[in-house]
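Visitor: Chains as they are written, first to last, in my numbering: chain A, 1 to 215; chain B, 216 to 613.
Just so you know, not all the hints are guaranteed correct.
Stated by the list, open to error - Lysine-lysine pairs mimicking DSS-like chemistry, simulated, CA-CA at most 25 angstroms apart:
(1) A:Lys123 / B:Lys421
(2) B:Lys579 / A:Lys98
(3) B:Lys585 / A:Lys98
(4) A:Lys26 / B:Lys579
(5) B:Lys378 / A:Lys21
In case anyone wonders, no lab produced these hints; they're calculated from the structure.
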Amino acid sequence: RIMPVRWSRYNPSYLEPEVKKESYQKPLEELTEEEREQMELKAVRPIKAAPLTLSSSVFSDPMISKFTNMMMKSGNKVLARSLMSQTLEAIKRKQLEKYHKAPENEKETIECNPYIIFHQALKNCQPIIGLSNITKGGKTYQVPVPLTDNRKRFLAMKWLITECRENKRRRTMMPEKLSQELLLAFNNEGPVIKKKHVLHKMAEANRAYAHFRWW
Amino acid sequence: QSLAAESFVVSALFSPQLDRGCALHTAARGGLSSVSSQDVPAERPRAIFHTSESDPAKHTEQHEGRLYNIPLEEVKAVFPHGLPHRFQQQIQTFNEARVMVRKPALELLAYLKGSNFAHPAVRYVIYGERGTGKTMTLCHVVHYCSRQGWLVVHIPDAHLWVKNCKELFQSSYNRDRLDQPLQASIWLKNFKTSNEHFLEEIKTQKKYMWGKRESTEEGRPLREVVEQGLARVRSASDAVGVVLRELKLQSHCGSFRLLVAVDGVNALWGQTTLRKEDKSPVSPEELTLVHNLRKMVMNDWNGGAIVTTLSQTGSLFKPSSAYTPQELLGKEGFDALDPFVPIPVPNYSPKEFESCYGYYLERKWLQHEKAHTEDGKAELQFLSGSNPRQLDRLAGPL
């Protein structure tokens, strides 16, 4: 069992840990003034403990880790991570089979990298504008509101996961369904993109209430 | 002039490798470069780690660490069962079947080539830690034997016969034993696919009664016994027993060579998870299939060889760290198999790792941008510990 060492409240003087190998391999001359000051600061100040999910592996990706955390149920990270790796493998297999069967001129258009597909699919699913409930004069109105980047990413991931959990047949496995949904979202098709469009239309329909927003 | 041409082709083969940034390990590079100049002249293999020699009989130390191609029709004919599941998925994705030639397999092939068929059959036990390539070594040997024209009795996984059996019937031949119609009929179907031509030539030497009305006369081809087993599923296990008995009796005549290839032979002497109708546990000798297979694996016949693999992965009631023959076979199994030739299968050597990594890169299996770099390769080697199965699992999502 891994016991967490990172505290939740640190003194403001503690600095974040730097995990990437490349930043330590740069020779002294190439650093700019700010980076030199940062290095000198690190020599004197204490450093926070690195969180468990932060890895120095070249293959680690923060979006994928966030998605795995959202897929996790009751703390079973092992299962969530294995489902994620099976999904990526399933996407790769499907695309590679398509690639090998395609004629020469179409081969370049087929994207085989599961990470690029994942990132593009999430980007396609992110809504631009959201709705929020604002109560005025006793009635609640759905007011169109701009969304922060974090909120957009969260909504895209949440929609994908709920879609895969609810609308799959009883015997399909999660990686299979997820890979299907990600490939559809990559091509701007599928139920998650439809949900995003529905949200956009609702926001467009409620334009009149836009002035209720005060932030 | 030919030397200049060869060196030009060798350097042309090397330069794409170097450009991609995967500089070969110096010892590996030395080994591979000295070898490639002999392989290159006539045909041009796709890269250094491939070899165009697809006949296992001609594989030597020269081909060690390289991957050879098995044509897909041959895969369907020779391996209707027996290939690991992940490898079958890989064949489907890459549209080709490439098997690596490794030292243990070469050792086994040398023993088989030099064996005297007048002496009793020698038993070879392939053992090693989890995921090091024991089943693939067995498949290499089976391919060699089928190319040479031997009759191959290949049991893909003996563990499937001692667990998860839905139907157990009391055997009509012997009251104490239990039949497994499903497993027996699946095996008979695959046996028929792999050895079509032999079933016509071999004739039965005794009359066999299947129940009260059906019987197979003396001198009929074995194909009829197999079809009887497939048609009447109830007597499938007895059909398997008859087939094995006939093959054993006739192998010393010299008209054919017999190879008995059993994967997971430690299942025959362990415990089963099956229970009889009165909930008492079934021991392996009470199963007809296991009983007949044990007789087959004894070395009291000549004219062939017995190649077996130990496997902890499907085994029952054995700790996961057990991999030696002593631990997995137990006392009973070890005594039964006693004079055997042990063949250990280690993890990948640096050269084999290079070759596997290069193959994945070439087939576009490693798609992550960082996987093409030196750092990525070092990380893969460290995380997998050069274990073939771990490397395959790690390279999946990347």
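Visitor: Taking the hints in turn, state whether each one holds.
Guide: Against the structure, the hints come out as follows:
no. : hint                : in the structure
1   : A:Lys123 / B:Lys421 : 73 angstroms, violated
2   : B:Lys579 / A:Lys98  : 13 angstroms, holds
3   : B:Lys585 / A:Lys98  : 24 angstroms, holds
4   : A:Lys26 / B:Lys579  : 31 angstroms, violated
5   : B:Lys378 / A:Lys21  : 49 angstroms, violated
Checked against the numbered hints above, the structure violates hints 1, 4 and 5; every other hint is satisfied.
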